[in-house]
Amino acid sequence: MLADKYADRIETAFAKYPTKRSAVMPLLYIAQEEYGWLSPEAIEEVASLCDLDPTQVRSIAGFYTMYRERPKGKYWLQVCTDLACALKGADEFYEQLLEELGLDHENDTTEDGTFTVEHVMCLGACDRAPMLQCNFHFDPKYDRLDMEKARKLIEEWRSEAKKK
Amino acid sequence: MAMATRILLRELDTPNIHKMDVYMKNDGYEGLKKAIGMKPAEVIDEVKASNLRGRGGAGFPTGVKWSFIPQTEPVKYVVVNADESETGTFKDRQIMENNPHQLIEGAMIAAWAIQATAVYIYLRGEYWDVAAGLDKCIAEAEKKGFVGKNVLKSGWDCPMYTHLGAGAYICGEESALLESLEGKLGQPRVRPPFPAQKGGGLYAEPTVVNNVETLANVPWIMVNGAAEYKKFGTEQSPGTKVFCLSGHVKKPGNYEAPLGSLTLRQLIFDEEYGGGVPGDKKVKAVLPSGGSGPIIPATDEALDMPLTYEDMQKLGTILGSASIIVMDEDTDIAWVAAKVTKFFKHESCGKCTPCREGTYWLDKVLDRIMADQARESDIDLIANIAKNMQGVTLCALGDFAANPIIHTVKNFPDDFKRHVGETAVTAGGSARRGAAAPAGD
Ligand SMILES: Cc1cc2nc3c(=O)[nH]c(=O)nc-3n(C[C@H](O)[C@H](O)[C@H](O)COP(=O)(O)O)c2cc1C
Ligand code: SF4
Ligand code: FES
Numbered sequence: 017m018l019a020d021k022y023a024d025r026i027e028t029a030f031a032k033y034p035t036k037r038s039a040v041m042p043l044l045y046i047a048q049e050e051y052g053w054l055s056p057e058a059i060e061e062v063a064s065l066c067d068l069d070p071t072q073v074r075s076i077a078g079f080y081t082m083y084r085e086r087p088k089g090k091y092w093l094q095v096c097t098d099l100a101c102a103l104k105g106a107d108e109f110y111e112q113l114l115e116e117l118g119l120d121h122e123n124d125t126t127e128d129g130t131f132t133v134e135h136v137m138c139l140g141a142c143d144r145a146p147m148l149q150c151n152f153h154f155d156p157k158y159d160r161l162d163m164e165k166a167r168k169l170i171e172e173w174r175s176e177a178k179k180k
Numbered sequence: 054m055a056m057a058t059r060i061l062l063r064e065l066d067t068p069n070i071h072k073m074d075v076y077m078k079n080d081g082y083e084g085l086k087k088a089i090g091m092k093p094a095e096v097i098d099e100v101k102a103s104n105l106r107g108r109g110g111a112g113f114p115t116g117v118k119w120s121f122i123p124q125t126e127p128v129k130y131v132v133v134n135a136d137e138s139e140t141g142t143f144k145d146r147q148i149m150e151n152n153p154h155q156l157i158e159g160a161m162i163a164a165w166a167i168q169a170t171a172v173y174i175y176l177r178g179e180y181w182d183v184a185a186g187l188d189k190c191i192a193e194a195e196k197k198g199f200v201g202k203n204v205l206k207s208g209w210d211c212p213m214y215t216h217l218g219a220g221a222y223i224c225g226e227e228s229a230l231l232e233s234l235e236g237k238l239g240q241p242r243v244r245p246p247f248p249a250q251k252g253g254g255l256y257a258e259p260t261v262v263n264n265v266e267t268l269a270n271v272p273w274i275m276v277n278g279a280a281e282y283k284k285f286g287t288e289q290s291p292g293t294k295v296f297c298l299s300g301h302v303k304k305p306g307n308y309e310a311p312l313g314s315l316t317l318r319q320l321i322f323d324e325e326y327g328g329g330v331p332g333d334k335k336v337k338a339v340l341p342s343g344g345s346g347p348i349i350p351a352t353d354e355a356l357d358m359p360l361t362y363e364d365m366q367k368l369g370t371i372l373g374s375a376s377i378i379v380m381d382e383d384t385d386i387a388w389v390a391a392k393v394t395k396f397f398k399h400e401s402c403g404k405c406t407p408c409r410e411g412t413y414w415l416d417k418v419l420d421r422i423m424a425d426q427a428r429e430s431d432i433d434l435i436a437n438i439a440k441n442m443q444g445v446t447l448c449a450l451g452d453f454a455a456n457p458i459i460h461t462v463k464n465f466p467d468d469f470k471r472h473v474g475e476t477a478v479t480a481g482g483s484a485r486r487g488a489a490a491p492a493g494d
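Protein sequence lines, in the order shown, are assigned to chains A and B.
Count the first sequence with our numbering and you get residues 17 to 180, in order.
Count the second sequence with our numbering and you get residues 54 to 494, in order.
Hints are not guaranteed to be accurate.
Unchecked claim - Here are some of the chain B residues that sit facing chain A, going by a computed Cβ distance under 8 angstroms:
no., residue
1, GLU139
2, GLY141
3, ARG177
4, GLY220
5, LEU234
6, GLY252
7, PHE396
8, HIS399
Claimed, not checked - Some chain A residues well away from chain B (every beta-carbon gap over 12 angstroms; in silico):
no., residue
9, ALA39
10, TYR51
11, ALA77
12, THR125
Derived by calculation from the structure, the hints in this document are not laboratory data.
Glycine included, every Cβ here is placed at the ideal spot set by N, Cα and C.
Excised from the complex, chain B in its bound form (with noise of 0.2 angstroms):
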């Protein structure tokens, strides 16, 4: 066989990854002996040179992430994101799941090089049970001396625990996750000082925070180096990245693929991956990033265009969390953009004023909107209103909460119009919404 072009999803090439014994046949946990091996610094600078970018949504360079931590501080922390709750998002669950000892591993490894003195893995409160698991795999590795006291004999203690959030998705902004972490409401901080800093960090100490997707590729990345990484993906998004293939399509599902082997069409078509949309519909548009990034028409050349980082910015959207939702030809895009609003009102923690104010104005006008009772104005009036949102608050949610509206605005004006007034009655409204394709289609 070619290379594997597998990095993450593991278990579908070696079965039973998820097990101690399975996973270190399979060069477990060696790329953590080899890291002890070597100078933090070393470690650091290897990562570094693989260029990976964070697979949370911002595609931050993560071995600059980590040199950014004063070594001279004696306590630091490691804190994983597994909040994963952006609508569409899923691949972190299945990675923890899987193959969770490879994102231990991984963990252990940025602690390694910024010389952590504990590590905790934030879940979402409904990850309940893949808590339990990651436990129990907690405790295997603790045993074998890969977690707590005296790592490998290093004479380094690094324990690591998890912690299960409660339902709420702002805790998946850095700083909110620290306050939630530190038993506050999850509000985020006024930055600087920023996480890696001394005062940002959780208990105010210097921190490390990674998505579970960007570190569970650190162990491949030990074993291997870096320019064996590079070799997978584009010179700008190197690396594999799982893709989480939801809505409209027959086999929605996690696929891992190098960045940029890959594009839209593929990836929604092609028999190996989403095979189709059900009733062989056309597709009308696609949100790369889950409900916060900007939304696509299904043009010929955003179909085209490969999955990477800087291929989708061509297309104004962001590849994010790769969350991609595909939606077909009777979608209304209206409908999405008010189901994506009624979302962020939900989960704007109410710090800021333009967040809080304007996600509840959105979805009171949108409400109006789906209601065949808007007028022509107000479809400025959302724009102007989402407008006001951008660029302003103290987290990307209020950024995240004005894209859904500029861009389906923006791309599908159509579909708004056909809710104004007397066109609504005339051209049947809001007649079909999301879709009922029957489950399992």
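If we strip away everything but chain A, and leave its shape as in the complex, we get (with noise of 0.2 angstroms):
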């Protein structure tokens, strides 16, 4: 249950706010911290929280792109192709990358369950295209990227999700 085991940053989220509705956004994201994705039990624990009906949550859920309705890999990586980083190649990268994963825009996720590859609207990071975020973090080691640099940190998260 989310209420016990992250009661702190829950009372954190409120204490925000002059109203509980405002923190559905951070308790989302706990939720989805939790699970790895925003299932409909997920969806409904937020709502008890918030004091709100689950087809509300549901549908903020839908509205930001950041939330995921569907499981996800270990690592998300989520590739920049918005029209600066494309300028320099963002496109073919992301393709190259699906390809070497074995994904296609349909099949974002590797079966084994360890990447999702999606790409996305501008990252913020433009003058370091092209550019991923993974789990929703950047690293100066995903920016400038190649395909020889993107195949190192591929194998850097296989083996640390090995160890896992």
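Take the two lone chains, each set in its own frame, and fit them into one complex as the hints suggest.
In structure tokens form, the structure reads like this:
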């Protein structure tokens, strides 16, 4: 249960706002972190914490692209293919990355559940194109990528995933 | 050294300015101390006198915006717009990562000026790490008495909180941002009432919404005064500006300079800035304000125009947030239009028909054009769809989505014609799209 495991973080979120409803976004992030994605049960839990109807929470989860209503891989790779990055070859990089992992536009998650690859809109790092974000984190290692660098990263993530 | 020309990206002159002790040794929080020694109305007057203009895109005078807040209301808010999602924009991130206290101080000065009861910083969801960094800085500032209860022993309470969005460009539009902060769908509100008015702001209370870069200017103005500030820049565009340079340049990045002190040519080609185009190609076009502003052909007139709000207007475009995207001679501008249209189709919140339907149809026809299956009439068709989206929507995204079409078709008709039927085959159609300049070039 989120309410027990994340009591402190949930309380911090509620303390920020005059209404419970405003905490729905931080709470959805907590739920996603715990369960990996926003399952119907996770949505219901958040709804009851914020005194909202589950359908309201579901529409919020659906509106924002960073909430995922399908299971995802351990490493969630989001490649920016927006204009400024695309001028630097980001579209080609994204396609190559999919191919490298045996994925395509429809099947974005590897069968072993290690990787999910998505293309996203501008990430505010256009000077470092092509670039990606992994599990919402930036790192200089993910900047100015080519496939050689990407293969090294994939190796690192794979061996890290095995250790866990 | 002559007068410093950097007000915002100060980490380049003072290493570790992100640390509280370093910041404090370099005038840090002096502006807030000064402001709290003044009446709120006097602070507003000083910012008005500086003619600081909003850096979020619209260029609205900041002091004037603050003066709209009714002082008699007991609950008021300052909301910092850190949603930064326009393609080609990455300045607010650099400010928040490297000079965070200056934003916190600027937001607190704004809060004092309108006697706000709380400050919220709305960051785009992807700035997860940036928000964590800011949270630490806010906690430090609270310990020092700059934020929170009884700020600088003035008897005034004003806490500050960060809030993460979750991936929706429209939440950068101020009324959608407020909806999102209230835990609702991020869709723009019908105005009036405006955010500054009772009924129109956050939780229906009067609210000032300002961009990160705008507020980061304020401490300097308080410390040095409006008259000193106006020594930078031009009459209509005072101060310095961070120019985000991206696309086909050798050295993309953020460059700060007084408004009007640089031309586009200098910014793109000078060694100190962009260092030229990879492969020493010619520049074909420039988007001075990301994907949403009008594109301009890189004529000599355009390249030699100083970068100010008023001069960009002369070229039929806008300076906006100064997200300058450079495209070399091999770029297919029809591809650019198609790319940007996909973005707006994805980001339209769907509330008004012309924007929702318009972006859908534009995208469909542009797909046809990019597949070299276009008819000559398709070019007029997209121009007409775009014209019908202008000025009829609830928020400016409808206009933003129309801009890329109207101005690309007008300025680069041949790039579209190449994709039409027979000619597409003979002229090689969309052989080259964006470009694949190797990384790090
Ligand atoms: C679709 C849309 C997206 C916007 N995105 C941003 C943004 O990411 N950041 C920002 O500061 N302003 C953005 N704006 C402008 C804001 O609505 C608002 O004008 C600005 O935050 C005011 O701050 P300023 O006066 O300090 O510039 C956007 C506007 C529209 C219509
Ligand atoms: S113009 Fe587009 S984004 Fe703006 S409110 Fe209308 S549908 Fe939503
Ligand atoms: S366009 Fe890719 S990070 Fe901005």
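Do the hints match the structure? See the list:
Hint status for GLU139(B) relative to chain A: holds, with the closest Cβ pair at about 7 angstroms, below 8 angstroms. Below 8 angstroms, beta-carbon pairs count as interface contacts, and GLY141(B) has one with chain A at about 4 angstroms; its hint therefore holds. Against a cut-off of 8 angstroms between C-beta atoms, the interface hint on ARG177(B) holds, since the closest Cβ of chain A lies about 7 angstroms away. Of the supplied interface hints, the one on GLY220(B) holds, with its beta-carbon coming within about 4 angstroms of a beta-carbon of chain A, less than 8 angstroms.
Taking 8 angstroms as the C-beta contact cut-off toward chain A, the hint placing LEU234(B) at the interface holds, the least distance being around 6 angstroms. Violation of the interface hint for GLY252(B) is found here, the shortest Cβ-Cβ separation to chain A being roughly 16 angstroms, above the 8 angstroms cut-off. The beta carbon of PHE396(B) comes within 6 angstroms of a beta carbon in chain A, closer than 8 angstroms, and the hint placing it at the interface holds. Using the Cβ-Cβ criterion of 8 angstroms, the hint placing HIS399(B) at the interface with chain A is satisfied: the shortest such distance is roughly 7 angstroms.
Its closest Cβ contact with chain B, about 7 angstroms, brings ALA39(A) to no more than 12 angstroms, contrary to its assignment away from the interface. No beta-carbon of chain B comes within 12 angstroms of the beta-carbon of TYR51(A); the shortest separation is about 16 angstroms. The beta carbon of ALA77(A) sits about 9 angstroms from the closest Cβ of chain B, which is not more than 12 angstroms, so the claim that it is off the interface is violated. The beta carbon of THR125(A) sits about 18 angstroms from the closest Cβ of chain B, which is more than 12 angstroms, so the claim that it is off the interface holds.
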